[in-house]
Amino acid sequence: MAQKVLVIIPCYNEDASLPTVLAGLQALRLDDDLKPLVINDCSKDNTREVAESFNVTVLNLPINLGIGGAVQTGFKYALRYGFDLAIQLDGDGQHPPDEIEKLLIARSQTQANIIIGSRFIDRKGFQSSFLRRIGISYFYWLNRIFAGVPVYDSTSGFRLLDKKAIECAVRSYPDDYPEPESLIIFAKAGLKIKEVPVVMSHRLNGRSSIRRGSSLYYMIKVTIAMFFTFIRKS
Amino acid sequence: MARIQIITIIINLLFVFYISRLIIKNRLREEYAIIWSVCTLIIIVFSVWRDGLAIMSKLFGVYEPPNLVFTAFIFVILVYLLHLSVVNSKLQRNVNSLSQEIALMKEKLKDNNEEQA
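For the protein sequence lines, the chains are D and A, in the order given.
Numbered according to my numbering, the first sequence spans residues 1 to 234.
Numbered according to my numbering, the second sequence spans residues 1001 to 1117.
To be clear, the hints were calculated from the coordinates, so they are not data collected in a lab.
Backbone N, C-alpha and C fix where the C-beta goes; we use that ideal spot for every residue, glycine too.
Be aware that one or more of the hints could be misleading.
Partial chain A-side listing against chain D, Cβ under 10 angstroms, derived [unchecked claim]: (1) Ile1023; (2) Lys1025; (3) Gly1061; (4) Ser1085; (5) Ser1089; (6) Asn1094; (7) Gln1100; (8) Lys1110.
Below, computed lysine-lysine pairings styled on DSSO-like, alpha-carbon distance capped at 30 angstroms [as the list claims (entries may be wrong)]: (9) A:Lys1108 with D:Lys35; (10) D:Lys76 with A:Lys1090; (11) D:Lys164 with D:Lys102; (12) A:Lys1058 with D:Lys76; (13) A:Lys1106 with D:Lys76; (14) A:Lys1025 with D:Lys164; (15) A:Lys1108 with D:Lys221; (16) A:Lys1108 with D:Lys188; (17) A:Lys1108 with D:Lys44.
Over 10 angstroms on every C-beta distance to chain A, these chain D residues come out as not near it, computed from the model [claimed, not checked]: (18) Thr20; (19) Lys76; (20) Ala225.
Sequences and hints are given; from them, build the entire structure.
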C-alpha cells in the first residue's frame, strides 16, 4: 500500500544547493507517494525563485523562525493534509535524497515512530569535524540519560516521523537547535526511536547553523533545554 | 558562617528554584535562563567566599569593595537592558511584517472571492 509521504525541506539561503536536492528528489522512484514541501525561512537570496521554478509546493515564511519553527511548519502541513509520514531533508545538500529509501525501509521493518538517519553507525561518507564529533558523543550520553535511548547521531536532521510523532511535534517543538531536544520530547511521549545508517555528504553550500564560536553556547543551551524538557510534565 | 552569608545563599537558592519553575512551565526561554543562572551563580560564589570581594576590588583597583559591587551590577544590568531592547525591537519588527503579510493576504482572498462570485 502506497503511503503519503511529505518531504519537508527547510531552507535558509540555499539557492545554490536547492536545485540539486530537488532534482534528486524528483528523480527518485519509490513505491510510496512522495511530496516535496520547501519551507523558505525568509531567505535573503533567491531561494524563493529557485524553489518556485520547480514543480513543488513552497511555503514562504514572512519572518525568519529558525530551523525548528520552519520544520514545525512542515509538520503542521503534514498533519492538516493527512500525510502518513513526514521526512525532514535539509536544503543544504547534506542529506542525499537517494537515502530516503533507507528510512522508509527501516520504517516498514521496525514500525518505529521516528527513524533517524545516522552518519555514525557504518562510518561511511562525511563524518564531520573532530570537535563536532566530541559534541555529538556528549549528546549521545545526554540522550541516554534523559531519553533513555541510545542515539548516536542525535543532531542529525535527517529523520522520518509517523503520524503519532507528527502530532507530537506539532504540539511542541523547540525552535533553535531542535534535534537533540526533540528526541526527549518524543521519548517522553512514549514513541519508539530507531536509527539507521545513511551516507551524508558535505553541505554543498552555506554554513552550519552552529559555528565554532557559538558551539560552547550551543552545548550549554541544549543541555539546559534537554534537562528542563526531561523534567517538564508532558 | 556569618548570618548575611546564610541569608544570601537561601535567597539565591529560592531564586534559582523560581527560575527553574518558570522554565518548566514554559514561561521563560532557556537562553534567558542562562543569564539569570550565571548571575545567581556569581552571587553564590561571593557569598560563600567571603574574602573574594576584597581580593577582586584590589585586583580592579577599587578602594571600597561595595563600590565594585554597585559598579559591576549596574553595568551588567545596563547591558542586559540594552539586550532586551534589541530583542524587543526585533519582536516589534516581526509583528509589523506579520500584520502586513496578513493584510495583503486578506486583500487577496477578498479579490479571489469576488472573482468567483
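Among the hints numbered above, which are violated by the structure, and what are their numbers in rising order? 3, 4, 5, 8, 12, 15, 16, 20
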